[in-house]
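Asks: Each chain, letter by letter, is given below.
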Amino acid sequence: GAVVSQHPSWVICKSGTSVKIECRSLDFQATTMFWYRQFPKQSLMLMATSNEGSKATYEQGVEKDKFLINHASLTLSTLTVTSAHPEDSSFYICSARLGDVNNSPLHFGNGTRLTVT
Amino acid sequence: QKEVEQNSGPLSVPEGAIASLNCTYSDRGSQSFFWYRQYSGKSPELIMSIYSNGDKEDGRFTAQLNKASQYVSLLIRDSQPSDSATYLCAVNTDKLIFGTGTRLQVFP
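As you go down the protein sequences, you meet chains X and Z in turn. Residues in the first sequence are numbered consecutively from 1, following this note's numbering. Residues in the second sequence are numbered consecutively from 118, following this note's numbering.
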């Protein structure tokens, strides 16, 4: 069964508005969650690492003021796409590790398909 | 040079055959390796993890790792049409890096 829940599964918004995506770990605590983005026919690209109780770590080229991450509890991380534009349309996927060991695999949420019109 | 490389495919195999998927990586310090399956429009699903050189089998799937050659592969025995998907190789250094994936098509 799913270990990571993501909501919503899809969203359509108008250019200039903001969209919030939620990622929850089910039945386990995740001090760290990872946000990926995938454009059509491309691989997953890590956007940022979400850390419970502290600031997120963003990958090079990802605007922290545009993609706001909040990890306020051990089971919930949120990604807010602010002032969305059509080029932000993509598949956003969150993930977490079941254990704290860095070598353990990531388990992914079902993803959120964002379309900005 | 890309950190994780895969042939994009498509790799077409008949039902019942063995599908062989390959992946190379650039960071010799990588310690853990994963294969994910991704159906169109869906998020990746973990198939196999491998951490040491050699083979690891799980049902119809066998992962093979050769750290000296920086090479990891996935064999799918008795391929089924339902195996048709994109297979992503992922390598863990200080973060999990994905290849672009190989699209597998299994035809009846």
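In short, the hints are calculated from the structure, not lab data. Please note: incorrect hints may appear among the correct ones.
What the hints assert, rightly or not - Computed spacing ranges between beta-carbons, pair by pair:
hint : chain 1 : residue 1 : chain 2 : residue 2 : range
1    : Z       : Glu-132   : X       : Cys-13    : 38 to 48 Å
2    : Z       : Arg-145   : X       : Asp-65    : 28 to 38 Å
3    : X       : Gly-99    : Z       : Glu-132   : 32 to 42 Å
4    : X       : Glu-87    : Z       : Gly-171   : 37 to 47 Å
5    : Z       : Ala-134   : X       : Thr-80    : 42 to 52 Å
Claimed, not checked - Calculated lysine-lysine pairs in the PhoX-like style (CA-CA distance at most 25 Å, straight line):
hint : chain 1 : residue 1 : chain 2 : residue 2
6    : X       : Lys-14    : X       : Lys-55
7    : X       : Lys-55    : X       : Lys-66
8    : Z       : Lys-184   : Z       : Lys-159
9    : Z       : Lys-212   : X       : Lys-41
10   : X       : Lys-20    : Z       : Lys-159
11   : X       : Lys-66    : X       : Lys-14
12   : X       : Lys-41    : X       : Lys-66
13   : Z       : Lys-159   : X       : Lys-55
14   : X       : Lys-64    : Z       : Lys-212
15   : X       : Lys-64    : X       : Lys-14
16   : Z       : Lys-212   : X       : Lys-66
17   : X       : Lys-20    : X       : Lys-55
18   : X       : Lys-64    : X       : Lys-20
19   : Z       : Lys-173   : Z       : Lys-184
20   : X       : Lys-41    : Z       : Lys-173
21   : Z       : Lys-173   : Z       : Lys-212
22   : X       : Lys-14    : Z       : Lys-159
23   : Z       : Lys-212   : Z       : Lys-159
Quick caveat, the model's predicted, so the values are computed rather than measured. Every residue gets a Cβ at the ideal spot worked out from N, C-alpha and C, and that includes glycine.
Asks: Would you mind marking each hint as holding or not holding in the structure?
Replies: Hints and how they fare:
1. Z:Glu-132 with X:Cys-13: 38 to 48 Å: holds (42 Å)
2. Z:Arg-145 with X:Asp-65: 28 to 38 Å: Once the Cβ atoms are compared, 36 Å apart, the range 28 to 38 Å for X:Asp-65 and Z:Arg-145 holds.
3. X:Gly-99 with Z:Glu-132: 32 to 42 Å: holds (37 Å)
4. X:Glu-87 with Z:Gly-171: 37 to 47 Å: Cβ of X:Glu-87 to Cβ of Z:Gly-171: about 44 Å, so the range 37 to 47 Å holds.
5. Z:Ala-134 with X:Thr-80: 42 to 52 Å: holds (47 Å)
6. X:Lys-14 with X:Lys-55: With Cα atoms ~28 Å apart, X:Lys-14 and X:Lys-55 exceed 25 Å; violated.
7. X:Lys-55 with X:Lys-66: Roughly 14 Å between the alpha carbons, so the hint for X:Lys-55 and X:Lys-66 holds.
8. Z:Lys-184 with Z:Lys-159: Violated: Z:Lys-184 and Z:Lys-159 sit about 30 Å apart, past 25 Å.
9. Z:Lys-212 with X:Lys-41: The hint holds at about 22 Å.
10. X:Lys-20 with Z:Lys-159: holds (20 Å)
11. X:Lys-66 with X:Lys-14: holds (16 Å)
12. X:Lys-41 with X:Lys-66: With Cα atoms ~24 Å apart, X:Lys-41 and X:Lys-66 stay inside 25 Å; holds.
13. Z:Lys-159 with X:Lys-55: Violated, at about 29 Å.
14. X:Lys-64 with Z:Lys-212: Given that 25 Å is the threshold and the Cα spacing comes to 19 Å, the pair holds.
15. X:Lys-64 with X:Lys-14: holds (21 Å)
16. Z:Lys-212 with X:Lys-66: The hint holds at about 22 Å.
17. X:Lys-20 with X:Lys-55: Answer holds: X:Lys-20 to X:Lys-55 is near 17 Å, not above 25 Å.
18. X:Lys-64 with X:Lys-20: Measuring from Cα to Cα gives roughly 14 Å; hence the hint holds.
19. Z:Lys-173 with Z:Lys-184: holds (14 Å)
20. X:Lys-41 with Z:Lys-173: Violated, at about 29 Å.
21. Z:Lys-173 with Z:Lys-212: holds (23 Å)
22. X:Lys-14 with Z:Lys-159: holds (24 Å)
23. Z:Lys-212 with Z:Lys-159: holds (22 Å)
Hint check: violations occur at hints 6, 8, 13 and 20; the rest are consistent with the structure.
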